[in-house]
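Trainee: Sequence:
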Amino acid sequence: MSTEHPSPLNGERPTRDQLAGFINGGLDDRLPLPGTALRLLIVGINPGLWTAAVNAPFAFPGNRFWPSLDRAGIVTPRVDASRGLSDEVEAQLAALGIGITNLVGRATARADELTRQELQDALPRLIKLTHTYTPQAVAVVGITAYREAFSDRKAKVGQQDTSQIEGWNPATQLWVVPQPSGLNAHETVDSLANTWRRVWETTRS
Numbered sequence: 001m002s003t004e005h006p007s008p009l010n011g012e013r014p015t016r017d018q019l020a021g022f023i024n025g026g027l028d029d030r031l032p033l034p035g036t037a038l039r040l041l042i043v044g045i046n047p048g049l050w051t052a053a054v055n056a057p058f059a060f061p062g063n064r065f066w067p068s069l070d071r072a073g074i075v076t077p078r079v080d081a082s083r084g085l086s087d088e089v090e091a092q093l094a095a096l097g098i099g100i101t102n103l104v105g106r107a108t109a110r111a112d113e114l115t116r117q118e119l120q121d122a123l124p125r126l127i128k129l130t131h132t133y134t135p136q137a138v139a140v141v142g143i144t145a146y147r148e149a150f151s152d153r154k155a156k157v158g159q160q161d162t163s164q165i166e167g168w169n170p171a172t173q174l175w176v177v178p179q180p181s182g183l184n185a186h187e188t189v190d191s192l193a194n195t196w197r198r199v200w201e202t203t204r205s
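Mapping the sequence shown onto my numbering, position 184 (from 1) lands on 184, and the numbers just tick up by one.
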């Protein structure tokens, strides 16, 4: 398990009773030292309870985030984050220039438990991150949360126009990728992988 970002459960999977204890809990960002350039900054909506319980992004066993990154050939072999991330995976993300954070830090059972205000309040921090790390691309995971946070009701999945986002680093592309939760029946591992591949191919190592 990760020594820098250890799981509160010491490598064990959470039980249903344990999950309730992580409501409003948090998740460590996977970000390098300020000033370190990133190739890709992945931005989730907020941690789920399982994710907070093991301190690993997108850790719920049914989430297709890690399988789709593996299928896309970006983070391979496939990562099992259900008990936390290993030091090897943490090092791999750093070597690839991939950072991971969330719009909102507090953990909830469902993303729709967040308020519109919480999502909109997250935008200034994200804009600041585009200057702190100058990522070649930012990928927000989830179109519904993106529309709320960026006050753009008509936004669609794919690359976004950043020219009207005040303060956004013009050197950073902005993408929205579909929610990889198993609840999103419109997407498969293959379709998610195709989207990730498109984002990745617009950046350079």
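Do not take every clue at face value.
Cross-link-like lysine to any residue pairs, in silico, SDA-like; alpha carbons within 20 Å at most [as the list claims (entries may be wrong)]:
1. 156 <-> 120
2. 128 <-> 162
3. 156 <-> 168
4. 156 <-> 187
5. 128 <-> 104
6. 154 <-> 134
7. 128 <-> 160
8. 154 <-> 186
9. 128 <-> 39
10. 128 <-> 193
11. 128 <-> 29
12. 156 <-> 197
13. 128 <-> 112
14. 128 <-> 166
15. 156 <-> 116
16. 156 <-> 128
17. 128 <-> 31
18. 154 <-> 193
19. 154 <-> 144
20. 156 <-> 181
21. 128 <-> 37
22. 128 <-> 197
Hints were generated in silico from the structure; no laboratory data involved.
These numbers come from a predicted model, not from an experiment.
Trainee: All hints are to be evaluated individually against the structure, with a verdict given for each.
Mentor: Hints, one by one, checked against the model:
The straight-line distance between the Cα atoms of residue 156 and residue 120 is roughly 18 Å, inside the 20 Å bound, and the hint therefore holds. A distance of roughly 14 Å separates the Cα atoms of residue 128 and residue 162; the hinted pair therefore holds under the 20 Å criterion. Our distance criterion of 20 Å between C-alpha atoms is met by residue 156 and residue 168, whose separation comes to about 19 Å. For a cut-off of 20 Å, the pair hint linking residue 156 to residue 187 stands: about 15 Å separates their Cα positions.
At roughly 15 Å between alpha-carbon atoms, residue 128 and residue 104 fall within 20 Å of each other, so this suggested pair holds. For the proposed pair residue 154 and residue 134, the alpha carbon gap of about 26 Å is over 20 Å, so the pair is violated. A C-alpha spacing of about 18 Å is found between residue 128 and residue 160, which places the hinted pair at or below 20 Å, so the restraint holds. For the hint linking residue 154 to residue 186, the alpha-carbon distance of about 19 Å falls within 20 Å, and the restraint holds.
Of the supplied pair hints, the one linking residue 128 and residue 39 holds, its CA atoms being roughly 16 Å apart against a limit of 20 Å. Restraint check for residue 128 and residue 193: not satisfied, since their Cα atoms lie roughly 28 Å apart, outside the 20 Å limit. For the hint linking residue 128 to residue 29, the alpha-carbon distance of about 15 Å falls within 20 Å, and the restraint holds. For the hint pairing residue 156 with residue 197, the CA-to-CA distance comes to about 18 Å; that is within 20 Å, so the pair holds.
For the proposed pair residue 128 and residue 112, the alpha carbon gap of about 25 Å is over 20 Å, so the pair is violated. For the proposed pair residue 128 and residue 166, the alpha carbon gap of about 11 Å is at most 20 Å, so the pair holds. A C-alpha spacing of about 18 Å is found between residue 156 and residue 116, which places the hinted pair at or below 20 Å, so the restraint holds. In summary, the hint linking residue 156 to residue 128 is not supported, as the alpha carbons are separated by about 23 Å, beyond the 20 Å threshold.
For the hint pairing residue 128 with residue 31, the CA-to-CA distance comes to about 13 Å; that is within 20 Å, so the pair holds. Pair hint residue 154 plus residue 193 does not hold up; C-alpha atoms about 24 Å apart against a cutoff of 20 Å. Distance hint between residue 154 and residue 144 is fulfilled; the C-alpha atoms sit about 10 Å from each other, no more than 20 Å. Our distance criterion of 20 Å between C-alpha atoms is met by residue 156 and residue 181, whose separation comes to about 18 Å.
Distance restraint check for residue 128 and residue 37: the Cα-Cα separation of roughly 14 Å lies within the 20 Å cut-off, and the hinted pair is therefore satisfied. In summary, the hint linking residue 128 to residue 197 is not supported, as the alpha carbons are separated by about 26 Å, beyond the 20 Å threshold.
In summary, the numbered hints that this structure violates are 6, 10, 13, 16, 18 and 22.
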